[in-house]
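K.L.:
Each chain, letter by letter, is given below.
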Amino acid sequence: MSGVWLAGLILVPLLSGSALLGALLFTPSTPRRRIAGHRIALTVTGLATVCALALVLNGEQDVPFQLTWLPNAGPMTFSLAQTGLYAALATTAAAFLSLLMRNVPAPSPSHPSRLPSTVYRLPSTALLLLTLAAANTAFLSGHFLGRYVALEIAGVCIALVPLLTLARDAGPRLTKFVYLVLRVGDTGFLIAMLILMNAAGTLDIGPALESGAALSGSRLAWVIIGFVLAVWVKIGAWPFESWQQAGEQFDPASHSWTYATVMPNLGLYLLYRITPLLSQHPALRAWVVWSSLGGMVLVTVIALLKRDLRPALLYLNAAQSGLALCLAAAGLQGAIVTLLLATTPLRLLFLWSSTVIQEQASLRRMAGALTSAGGVLLTGFNAYLVWQLAQGTGVPWSVVILLAVIVVLIGGRYLQAAMAAWTNQAVLPQEPAPLPQTIAVDRMRGKLAAGMRAWLEVGFLERVITGIPAAVLKLAKSLHDWIESGLLERIITHTSRAVTDGATLLHRVVEQQGLEGTLRGTAKGVFEFNRWIQDRHTGRLRANLQWVFVVLLLIVAMLIWQGW
Amino acid sequence: MALETLALLLVLGAPLVTTLALFSFPRRLQPVARWLAGGAAALSLAAMFSLIPALRRGDIPAIALNWMPAAGIQFDLHIDWLTLPFAITEGAVTLLAIIYAWGSEANDSRAPYFYGLLLLFAVGMAGTTLADGMVLFYTFWELMLIASCALILVWGHASSSGPTRRAVALKYFIFTHLGSLMVLVSLVTLYNATGTDRFSALRAGVTLAPGMATTVITLFILGFCVKMAIFPLHIWLPDAHTVAPMPVTIMLAAAMLSMGAYGILRFPMSIFSMEQMQPFAVPMMILGILSEIYGALMALAERDIKRIIAYSSVSQMGYILYGMGTLTYNGLAGATLHVIYHAIVKALLFMVVGLVVYVTGKRNIDEVGGLARRMPVVTACAAIGILAIIAVPPLCVFDSEWMIFAGGLETPYVTLSVITIFGSLLTVAYALWFGSRIFLGQDPTETPDGPPPQRAKLPLTMVAPSVLLAALAIIEGVFPAPLFDWVAHELPMLLGGRW
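Those protein sequence lines, which keep their order, are chains G and W.
All residue numbers for the first sequence refer to this note's numbering, where the first residue is 362 and numbers rise by one.
All residue numbers for the second sequence refer to this note's numbering, where the first residue is 5 and numbers rise by one.
Restraint ranges, calculated between C-beta atoms of paired labels, are given here:
1. W:T9 / G:V871: 53 to 63 Å
2. G:I852 / W:I150: 22 to 32 Å
3. W:I150 / G:L876: 26 to 36 Å
4. W:P57 / G:L702: 53 to 63 Å
5. W:V36 / G:R400: 57 to 67 Å
25 Å max Cα-Cα, derived BS3-like pairs, lysine-lysine:
6. W:K461 / W:K366
7. G:K838 / W:K366
8. G:K838 / W:K175
One side of the interface only, derived from the structure: several residues of chain G facing chain W at Cβ under 8 Å:
9. P432
10. N433
11. D530
12. K537
13. I552
14. L555
15. S579
16. V833
17. L836
18. A837
19. H841
Just so you know, the hints here were simulated from the structure itself, not pulled from any lab data.
Note that the coordinates shown come from a computational prediction; the quantities given were computed from them, not determined experimentally.
The beta carbon of each residue, even a glycine, is placed where N, CA and C say it ideally should be.
Pulled out of the complex, with its shape left as it was, chain G reads as follows (with noise of 0.2 Å):
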């Protein structure tokens, strides 16, 4: 049974999301079909959140599915242990929920194309359905290439929502910077992947991770490395949340599930499983411990200066994916499950109410009401998580303290929104327009957070992350103007023009000079004396007579001499 029950976890949403896809490609997109694309991603994605607790319910069974595919890697296998499972279902539920949020009305008949542009995206929908399947692939894969391939299948949909969805020119700029910023994480994941692979024999993943207590220290550290780089870029945490920015652009369901929900729940899992390695490596353990806490402090002083929630709701995430890290670190691997399973309800809760407070006056007071019990609940959970660090882990008091002080700040912040929605001061003016600055305190923090901005975000940020592109580029035009059009040009300009004046010079010396002047030299000697000898024996008798006496004269006195 649980084959059928994976089948619609995995195959029902990955089959729908391609003809929904492919109905893209060949239909024009008109509201009605928009609707209808909804109700069917609403239906599967319901469908798939039953078959994942189904799953769960039915614990943990065997799968007789295997799919060899490159032949040096083994079959690939699932694996539905509960922890995979949780993960699954928290996060199919995640899109169930995320969909039925979008709370627009119908076109009415006689208009139909009323429908705002924005909303009910059939790409965004057929992309969340593919995702869907690969995050539950990724998930419950037994096997580092498949779940390598899901993930990389995840990435490409994610990456696709801008290109697909928004204008010309933000899509393919946004899609490029998502997509190579995932693959950072996932070139990583490749890394450690291949290293456990070598060690171990096998890509099964319980025993490749096994196998990584037995690599030399070197070796142990890249795994490391690679698998918390790849953490670090799918759960968002400073600097690699810069991703997820883009979804700020998108319908609540884009931005809630698929940039907001997925990936950082893939990190988290992928978390989960590496969690025992990395107290194998004291030295890599202390740096992810210090530089985690680092990004926590700098993206929660951010979110404590952004006025609008919705935004700040990123830098809040950041930091939350911050103390996961430290968790990590400190070896509390069944924390990192419950903060997975904790915090997707409230992510959602959290952008569901952002979005309401902005949007819909009526329902502020609500949605404030809600973010104040899910900021409660969170701070009391973080603090929980804080507690349990501090519980002899070994990491250094001054941590706990400042995650404690940083924790208490998430949730202030949170309150502090809730509020706002609740005293109905939710105007929320889109940054950088400043609010009244009555009190000196109000003038300080809205000095600082210009600051802040002109520095960290806008400054540093950007130009760290999206700056790195533009200095490949400068460094590629460098390296192109200096090495190929230059030195190497160069020297072959120089090479080839010093073989021809070297051919010149030789041809000069030795050809013309040498052998062929020689040679003339002496054809023209030789034509000299025929000449000298022509002028005065041809032409003249007299004087060819004169020759004659003479030659005579001296053959007389050669026969005296010699005695006749």
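Since the structure of chain G is provided, determine the placement of chain W on it from the hints.
P.N.:
Chain W only, in chain G's frame:
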């Protein structure tokens, strides 16, 4: 005459006889020149495929004729598992390039010569892989150069600002000939040491002084690296690829570059032992990494779309050299597979570039854009090609890169492997930039008040090979087992076969 012998003769004979006929009766055969060329290429490819059952039985189809008996040199042709992937890649690329040429090249009075030279180029490549003797190998090796050089010289498209086609042809000839001379020195040394030019005799063992063995291997690797266009010996490639007519570019990039890889596998790796090759492992890996990264950076810096893909070849050949340098089972198998997959993807991308140039008449990436609406099928093919070259699973290049990277991490040089894997991010950068600039965004020629862009009319013979290659990129990626099987047969022939 055995069926296999006939097939082996057909592999070279069909294109060679057609070439002679086209050169002898150009006027009479002009109307059917393209069909004759296509037919000969198809026959040659079919003959190669027909030899696979014999190889599976354990036979090695061969032909042996007397050539220079006094010197012990014979005209020996054979096909073995090492030859097969390269020969079939070359044959398939030739056939597709000729079909593509039906649409891209004019059927004028020079067409018989053009197709004749294309076939001669193919004979050179096929002969290089089928030759079972060093002299024959070198003869076909040079024939390949002469035919391709003539094609560039006569049919090349030089831009007004760039070098003339004569200059490019000369540069191409001199550079690759320089590599050939290095190979020749090694071949003559081996001949002097063994007294025979047969590969089978060389594989049985060559006794050379240690210093001499090192020199021979070095010259082999450098000479073949020139053909592979490995940095910094690649300087002939961008100009030659840019100036050559598109079918020739396709054959140069997708088939001829791989002849360098074949040379390295056939000579140093088949003749010398693992111990003798070990000192060359790290230099080959480093050269491969340099080429991979440098080629990708140059592709990012270029504006000419043909040159972007040309530099991409420099980068991809870097992966192949790196894979071979690992001296591991996975690395060598991955490198051979990468030759085949690179041929598929590179031919596809060049075909796409040719179609873009056909429609727009422009090669500067800044002057084209938004072509997805005018060329949806070509855009889909380009998307598959781009996703394939950036190694997105389950497309074909992922399979070979996976094996190359796995091979790299089996060596003690983990840092080099990590650099290679991270270097692949540069491929992602230039490939996505290339695709998005050409097919997405705003068309620079489009005005806000102008009419919506119309779908471009494209010759079927140019689109069909592109679609076929795009499908192949998917099929080969999803079902890699048959090709893996071919390559697995080749590996016992390399480095003493101790895997």
